[in-house]
Amino acid sequence: MLQKVLGGDPPNVVVTAPGLSGDGLWRGDSPPVAGAEVDIELEVPRIIGWTEIMVARDLPRDVRPADGELLLQGIVEDVDQEGVLTLRIADEVVLIETVGEPPLGVVGQHVAMFAQRSELYPTGS
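Using the numbering used here, you'd call the opening residue of the sequence shown number 770 and step up by one each time.
For the record, the hints were derived by calculation from the structure and aren't laboratory data. The model shown is predicted, which means the values in this text are computed figures rather than measured ones. Glycine included, every Cβ here is placed at the ideal spot set by N, Cα and C. Treat the hints with care, as some may be off.
Said to hold, decoys possible - Estimated spans, in silico, between C-beta atoms of each pair:
1. Pro-787 to Asp-831: 16 to 24 Å
2. Asp-847 to Met-823: 17 to 25 Å
3. Val-876 to Gly-818: 17 to 25 Å
Using the sequences provided together with the hints, build the complete structure.
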């Protein structure tokens, strides 16, 4: 759900969904509307280091995204040889480029991470 439209060009929007909260850049052709339920494709434009990824099922309640960040929480489905993390968030899959060595046995584990300046593309579905 689009909670708020913060403005800017492109507009910054606050989103909440299972496993996803915070704000990102709206990349739709139509202007975003606060309160709308929208299916999106998420792009994380920055490589995330494994030192930035928390392996934890439950995060402390005070862990919240800062301005310009999305908090992503899900289950690791795979990490390929090039470091691409396949993360299942609710019923969707997000691919995230990573750097560094993933922890042993991370596949199947719950993880959380912050992604800055993520881009949100409405899918129209």
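Against the structure, the hints:
Between Pro-787 and Asp-831 the C-beta distance comes to about 20 Å, which sits within the given range of 16 to 24 Å. Between Asp-847 and Met-823 the C-beta distance comes to about 19 Å, which sits within the given range of 17 to 25 Å. For the pair Val-876 and Gly-818, the beta carbons lie near 18 Å from each other, so the given range of 17 to 25 Å is met.
No hint from the list above goes unmet by this structure.
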